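Student: Quick note: the sequence shown uses the numbering used here, first residue 60, plus one each step.
In case anyone wonders, no lab produced these hints; they're calculated from the structure. Hints may contain errors.
[To be verified] Here are the in silico distance ranges between beta carbons for each label pair:
(1) Leu108 <-> Glu63: 35 to 43 Å
(2) Arg67 <-> Glu94: 19 to 27 Å
(3) Asp112 <-> Ser87: 17 to 25 Å
(4) Asp112 <-> Arg67: 26 to 34 Å
(5) Ser90 <-> Pro123: 16 to 24 Å
(6) Ala95 <-> Thr115: 39 to 47 Å
(7) Lys104 <-> Val73: 37 to 45 Å
(8) Asp96 <-> Arg76: 23 to 31 Å
(9) Arg88 <-> Ser119: 38 to 46 Å
(10) Glu97 <-> Leu121: 33 to 41 Å
(11) Glu63 <-> Lys101: 30 to 38 Å
(12) Asp96 <-> Arg67: 47 to 55 Å
From a predicted model like this one, the values you see are computed outputs, not experimental measurements. Note that CB positions come from ideal geometry on N, CA and C, so glycine has one too.
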Amino acid sequence: MATEDPSRIAAQLVELRVEHRDLDQAISRLSQDREADELTLKRLKKRKLRIKDMITALESRLIPDLDA
């Protein structure tokens with residue numbers, strides 16, 4: 060397996076965390092609006108979960124494998 064550039068992964072993590080935070084704020088605002096479109100809200104929540112999964116995967120790639 061090729062060695063991955065940790066700085067590149069870290070940059071991706073920063074971008075994803077910003078997007079995750081922005082989605083969290085948007086979901087919070089939409090949740091308070093009684094006229095909000097439920098489908099849009101569900102899509103935003105799914106997107107937020109996908110981003111969280113991507114963050115977790117990238118974080119695990121930064122952890123070095125240790126030989127037993």
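Student: What hint numbers does the structure not satisfy?
Tutor: 1, 2, 4, 5, 6, 7, 9 and 12
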